[in-house]
Amino acid sequence: MKEPDNISEMKQILEAALLTAGQPLSLDDMLKLFAGRMERTTLRMLLDELKIDWAEKTLELVQVATGYRFQAKPQFSEFIVRLSPERQPKYSRAVMETLAIIAYRQPVTRGDIEQIRGVAVNPNVMRQLQERDWIDVVGQREVPGRPSLYATTKHFLDDLNLRSISELPPFEDFAQAEIPLDS
Amino acid sequence: MKEPDNISEMKQILEAALLTAGQPLSLDDMLKLFAGRMERTTLRMLLDELKIDWAEKTLELVQVATGYRFQAKPQFSEFIVRLSPERQPKYSRAVMETLAIIAYRQPVTRGDIEQIRGVAVNPNVMRQLQERDWIDVVGQREVPGRPSLYATTKHFLDDLNLRSISELPPFEDFAQAEIPLDS
Amino acid sequence: MLTQLNSEIKTPEIKIPEIKIKGETLSELPHDLYIPPDALEVYLEAFEGPLDLLLYLIRKHNLDILDIPMAELTKQYMVYVEKMKVNKLELAADYLLMSAMLIEIKSRMLLPKPAEIAEEDDPRAELVRRLMEYEAIKLAAARLDAMPQVGVDISVAAAYYQHISEIKPPEVSLDELVEAWRNVLKRAKLNSHHKIGKQELSVREHMSQILRRLKTDGMVEFSQLFDMAHDGLAKLVVNFLAILELAKEGLIRMTQQQAFSPIYLQANLGESVSE
Numbered sequence: 001m002k003e004p005d006n007i008s009e010m011k012q013i014l015e016a017a018l019l020t021a022g023q024p025l026s027l028d029d030m031l032k033l034f035a036g037r038m039e040r041t042t043l044r045m046l047l048d049e050l051k052i053d054w055a056e057k058t059l060e061l062v063q064v065a066t067g068y069r070f071q072a073k074p075q076f077s078e079f080i081v082r083l084s085p086e087r088q089p090k091y092s093r094a095v096m097e098t099l100a101i102i103a104y105r106q107p108v109t110r111g112d113i114e115q116i117r118g119v120a121v122n123p124n125v126m127r128q129l130q131e132r133d134w135i136d137v138v139g140q141r142e143v144p145g146r147p148s149l150y151a152t153t154k155h156f157l158d159d160l161n162l163r164s165i166s167e168l169p170p171f172e173d174f175a176q177a178e179i180p181l182d183s
Numbered sequence: 001m002k003e004p005d006n007i008s009e010m011k012q013i014l015e016a017a018l019l020t021a022g023q024p025l026s027l028d029d030m031l032k033l034f035a036g037r038m039e040r041t042t043l044r045m046l047l048d049e050l051k052i053d054w055a056e057k058t059l060e061l062v063q064v065a066t067g068y069r070f071q072a073k074p075q076f077s078e079f080i081v082r083l084s085p086e087r088q089p090k091y092s093r094a095v096m097e098t099l100a101i102i103a104y105r106q107p108v109t110r111g112d113i114e115q116i117r118g119v120a121v122n123p124n125v126m127r128q129l130q131e132r133d134w135i136d137v138v139g140q141r142e143v144p145g146r147p148s149l150y151a152t153t154k155h156f157l158d159d160l161n162l163r164s165i166s167e168l169p170p171f172e173d174f175a176q177a178e179i180p181l182d183s
Numbered sequence: 001m002l003t004q005l006n007s008e009i010k011t012p013e014i015k016i017p018e019i020k021i022k023g024e025t026l027s028e029l030p031h032d033l034y035i036p037p038d039a040l041e042v043y044l045e046a047f048e049g050p051l052d053l054l055l056y057l058i059r060k061h062n063l064d065i066l067d068i069p070m071a072e073l074t075k076q077y078m079v080y081v082e083k084m085k086v087n088k089l090e091l092a093a094d095y096l097l098m099s100a101m102l103i104e105i106k107s108r109m110l111l112p113k114p115a116e117i118a119e120e121d122d123p124r125a126e127l128v129r130r131l132m133e134y135e136a137i138k139l140a141a142a143r144l145d146a147m148p149q150v151g152v153d154i155s156v157a158a159a160y161y162q163h164i165s166e167i168k169p170p171e172v173s174l175d176e177l178v179e180a181w182r183n184v185l186k187r188a189k190l191n192s193h194h195k196i197g198k199q200e201l202s203v204r205e206h207m208s209q210i211l212r213r214l215k216t217d218g219m220v221e222f223s224q225l226f227d228m229a230h231d232g233l234a235k236l237v238v239n240f241l242a243i244l245e246l247a248k249e250g251l252i253r254m255t256q257q258q259a260f261s262p263i264y265l266q267a268n269l270g271e272s273v274s275e
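As you go down the protein sequences, you meet chains A, B and C in turn. Letter by letter, the first sequence follows residues 1 to 183 of my numbering. Letter by letter, the second sequence follows residues 1 to 183 of my numbering. Letter by letter, the third sequence follows residues 1 to 275 of my numbering.
Same shape as in the complex, but just chain A (with noise of 0.2 Å):
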């Protein structure tokens, strides 16, 4: 096998890889393409002149919690998913409540989730998050009993184009008084 002797080839292979991965790549696994023989400076560069390259064009080259993609633009993705009408669901209220304690309040025992919102939870709540692999359990309280606590996982955040939770919506401005009441 021939390595690549010029930037403009480990560019393109650099870019072919992105675009069959399916999934995020990190910087560590791009390295690997390279087989060692490429700087993390260079490779800094080369991302940055693909994100300029393609702008223009229908994909974008962006950094999620476990590293690069290319993703549609979101303007095509209301025709993309005409293809797949049975995508994924969408949840009901309770597992997306269940979430947003779990995002807001990490980590959190199932006890700290029910004190929130006032009822049991269901474990089916939690395995769906689970399956999913949104959540996962990061230790135990140290309180009698010894309950799971939880948090969000790196995943849930590539899922949600974040790559960090302090780049969800600041939870203050949930939590304001202000909010009118009558909506």
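Don't take every hint at face value.
[What the hints assert, rightly or not] To spell it out: a stretch of chain C is covered by chain A in this simulated footprint if at least three of its residues, at any positions, have a beta carbon under 8 Å from a beta carbon of chain A; those stretches are:
#1 136 to 143
#2 151 to 159
[As the list claims (entries may be wrong)] Using C-beta positions, here's what the derived DEER-type ranges look like:
#3 K2/B with A71/C: 49 to 55 Å
#4 F240/C with G118/B: 33 to 39 Å
#5 Q140/A with D121/C: 32 to 38 Å
#6 L27/B with R127/A: 36 to 42 Å
#7 L27/B with Q162/C: 21 to 27 Å
#8 A120/A with V152/C: 24 to 30 Å
#9 G250/C with A120/B: 20 to 26 Å
#10 D5/B with Q162/C: 36 to 42 Å
Calculated from the structure, these hints are not laboratory results. Just so you know, even glycine gets a beta-carbon here, dropped at the ideal spot from N, CA and C.
Assemble the complex: chain A is given as a structure, and chains B and C must be docked to it using the hints.
Below, chains B and C without anything else, positioned relative to chain A:
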């Protein structure tokens, strides 16, 4: 939702869909993108144009049995596969022990191997080693049935970086090694 | 920017599922709180619990969440709970617990207040805190739900590439081979019966080599098996021992027409064993 009102916008939708589909799209699939407002002949024309647009790029648009798909040009595959190296399987214990018996006791028959291991030799085990060109038949033992005599090959020595079978660690060496050195 | 944010986060409303009673569709809750018995269960399912129901009542009746008229709210709430009881619906314990809490707060508020009552001592404080926190979570959930998601409205590039299937055969190290042999010996308990030394190993390798040569060349003259010019004495001896061992194990046949004439070796073929 605003339907695309010009052909270049339609081509962009088509390109974005093909790049993100993850599987070949049939003509019928692609017509769904445009909610029935696209002629098959126009679609074919757009596909031809996309093929030409991408001719000099990292991917190529190809037609396969179930439809059209973008795929990385062949010269990039060898780099992309580095992202997900196929795990090299391990030989089963049966294969390893059979190989060891042939290496240390050659030339041996299957009967010898069975006697030493105390279990029947699966023909598949011998075939794996023969296909690897690590063992071969060097003769027959003159007993009823004239069983084949197996020995290791030159190729086996090469692969294990040995010049001769006599470079295998002699049994006495590791019989002693079984005694803890620090006792 | 702020106004935009506010208008965005105002959006979530309690969504009541479409309710049909005797063919007529109810699009919203009746204002007089009269609930057709058949529909009660459906209404209750629309609420995520007592906090959700309370928030709905507060909004519906334009109550001030920071100064909740407990009597009014409790009355409204109890209407629902009573309906549930009348219809013998399996009442979720959470709803009953909440009624108890509301009644307790209401009665505490009826008690004469000390002159300098601190705000935190307001019996409603904990309820208000919980309602506001839950409302914020509801808004956050609605916002999360509205965010673009992979698999819903984000499509990730996933073009095809040729998965070059160079199925590499397993690597075997010398250590692994030795380990396998050690296991064989351990299990077969051969340790005490067999000593396989370096020398013997070479003899066995030479046996293989000679057999291989006889297989391809057929009959070979004895001296041709020895490379006097290049093989050292040790190797010549080993080779000789290998030939003797092969003969002993009946793997080869040696023939000589008469004394001092060339000795020929050939692999022992079945037909000629009879002698």
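Evaluation of the provided hints:
Coverage of a stretch by a chain is defined here by at least three residues with a beta carbon nearer than 8 Å to that chain's beta carbons; for the segment 136 to 143 of chain C and chain A the count is 8, and the condition holds. Only residues whose beta carbon comes within less than 8 Å of a beta carbon in chain A count, and the segment 151 to 159 of chain C has 9; three or more means the coverage holds. Judged by the Cβ atoms, the range 49 to 55 Å given for K2/B and A71/C holds: they are separated by roughly 53 Å. In this structure the supplied range 33 to 39 Å holds for F240/C paired with G118/B, their Cβ-Cβ distance being about 34 Å.
Between Q140/A and D121/C the CB atoms are about 35 Å apart, so this pair conforms to the stated range of 32 to 38 Å. In this structure the hint that L27/B and R127/A lie 36 to 42 Å apart at CB holds, the actual value being about 40 Å. Distance hint for L27/B and Q162/C: a CB-CB separation of about 24 Å, consistent with the stated range 21 to 27 Å. Between A120/A and V152/C the CB atoms are about 28 Å apart, so this pair conforms to the stated range of 24 to 30 Å.
Checked against the hint of 20 to 26 Å, the pair G250/C and A120/B passes, with Cβ atoms roughly 25 Å apart. Here the CB-CB span from D5/B to Q162/C is close to 38 Å, well matched to the stated 36 to 42 Å.
Consistency note: the structure conflicts with none of the earlier hints.
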